[in-house]
Amino acid sequence: MTAMQRLTDEDYQRAFRFARSLGADRDLALDLVQTAVMKGLSAGRADLEAPLAYLLTSVRHAFYSELRRVRTAAWSSLDDLEGVIATDLQPLEDLVVARDELRHAWAALAPAEREVLHLWAVEGYTVEEISRHTGTPRGTLLARLHRLRKRLAEGQAERISGASQ
Amino acid sequence: MTDRDSRVGLRQGIRELVEEERLDDAQLARLRALVDGRPDRPSRRRWLGAAAALGGVAATGYLATTLTGRADNAQRMAEEIAYNHLALAPLDFVSTNLDSLRDAFAVLGFRLLDAQALEDVPGTLMGGRFCSVASVPAALLRYRSETGVTTVYQARHDRRLHRGTADMDAGAPGVLRRARGVEVCLCHSQGVLLAQAYAITGTAS
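Protein chains in written order, with this note's numbering: chain A, 1 to 165; chain B, 1 to 205.
These aren't lab readings, by the way, just hints derived from the structure by calculation. In this text, all values refer to a predicted model and were calculated from it rather than measured experimentally.
Simulated crosslink set (SDA-like; lysine to any residue; CA at most 25 Å straight-line):
no.: 1; chain 1: A; residue 1: LYS150; chain 2: B; residue 2: GLY9
no.: 2; chain 1: A; residue 1: LYS150; chain 2: A; residue 2: LEU95
no.: 3; chain 1: A; residue 1: LYS150; chain 2: B; residue 2: ARG11
no.: 4; chain 1: A; residue 1: LYS150; chain 2: A; residue 2: ALA110
no.: 5; chain 1: A; residue 1: LYS150; chain 2: A; residue 2: HIS133
no.: 6; chain 1: A; residue 1: LYS150; chain 2: A; residue 2: TYR125
no.: 7; chain 1: A; residue 1: LYS150; chain 2: A; residue 2: ALA107
no.: 8; chain 1: A; residue 1: LYS150; chain 2: A; residue 2: THR136
no.: 9; chain 1: A; residue 1: LYS150; chain 2: B; residue 2: ARG15
no.: 10; chain 1: A; residue 1: LYS150; chain 2: B; residue 2: GLN12
no.: 11; chain 1: A; residue 1: LYS150; chain 2: B; residue 2: VAL8
no.: 12; chain 1: A; residue 1: LYS150; chain 2: A; residue 2: TRP106
no.: 13; chain 1: A; residue 1: LYS150; chain 2: A; residue 2: THR126
no.: 14; chain 1: A; residue 1: LYS150; chain 2: B; residue 2: GLU16
no.: 15; chain 1: A; residue 1: LYS150; chain 2: A; residue 2: ARG138
no.: 16; chain 1: A; residue 1: LYS150; chain 2: B; residue 2: ARG7
no.: 17; chain 1: A; residue 1: LYS150; chain 2: B; residue 2: SER6
no.: 18; chain 1: A; residue 1: LYS150; chain 2: A; residue 2: GLY23
no.: 19; chain 1: A; residue 1: LYS150; chain 2: A; residue 2: ALA108
no.: 20; chain 1: A; residue 1: LYS150; chain 2: A; residue 2: ASP100
Only chain A is shown next, with the shape it has when bound in the complex (with noise of 0.2 Å):
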């Protein structure tokens, strides 16, 4: 059996959300995962030890090499972070937000954001294992979670203060 044939109906689930997440509708995120698994499948990919990581992986891969031909994937300016101090994610651990918020909210997200949080979430990656993947520096990703974190406990009312603009 070679790796790929490991991955269960589950895991294939897991790349399609995460593909999802990232912001890809649901056609391309199909051939997302299609693609990394024709990948996983071509010669020298035969003994992954961890095919669901590197399904994620190819995913996440594809879809930013892809996304970068037509727009700049990027997180929000980031030039009001002053007095940014956090150290860990607790913040995140402690927000409590509203259904229908959140559902606004996930869909204003850009990728990048998106992606970051569905890491922590879904698949319950560390901040370190989060900055691993996603080749970003520590600081600079507790950082960009605070300011993610205020947006979404201000949601509401940004929502509110954006309809009637």
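Chain A is fixed; fit chain B onto it per the hints.
Just chain B now, kept in the frame of chain A:
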């Protein structure tokens, strides 16, 4: 739902949102077939290897065009249909009678066309299963003849999702595409997408 019920921890809320996204059975079957088909069918290694090697090029072109809306949609559908054709997944309904299959697939919202009459599909009807073409729910009908298996896909024609297929009612010849050793003929008639897939060699797939 109370206000208390509508609030949730961020982690749990994100999990709930994300878990709404699911591959459907046909999509999962396609991925399983992609992986399982390789060792079981050594004869396919050549094209599978080539496909993997070309993955970067093909995927780059495809993904870019998907994002920008300029894909060769017919080729994309042919790839999807070829996957399903080669997978030979179990039939949901076993019947040689088209009328009984029409009843079975009525939930798709259209009446199955008689592909044998319209496109001279060879062989005997074996049955059908639910699938999808370009994310549109579809019926897969399988025919078997002495020369091999032919599968016919029918779905409600969607001008956007099924763009690039021939308008049979206007007299246009079917659009032919090749993918994974399979030739796929794509057209639409009477509001129904009609796609026929068969091995290029004419041998059983």
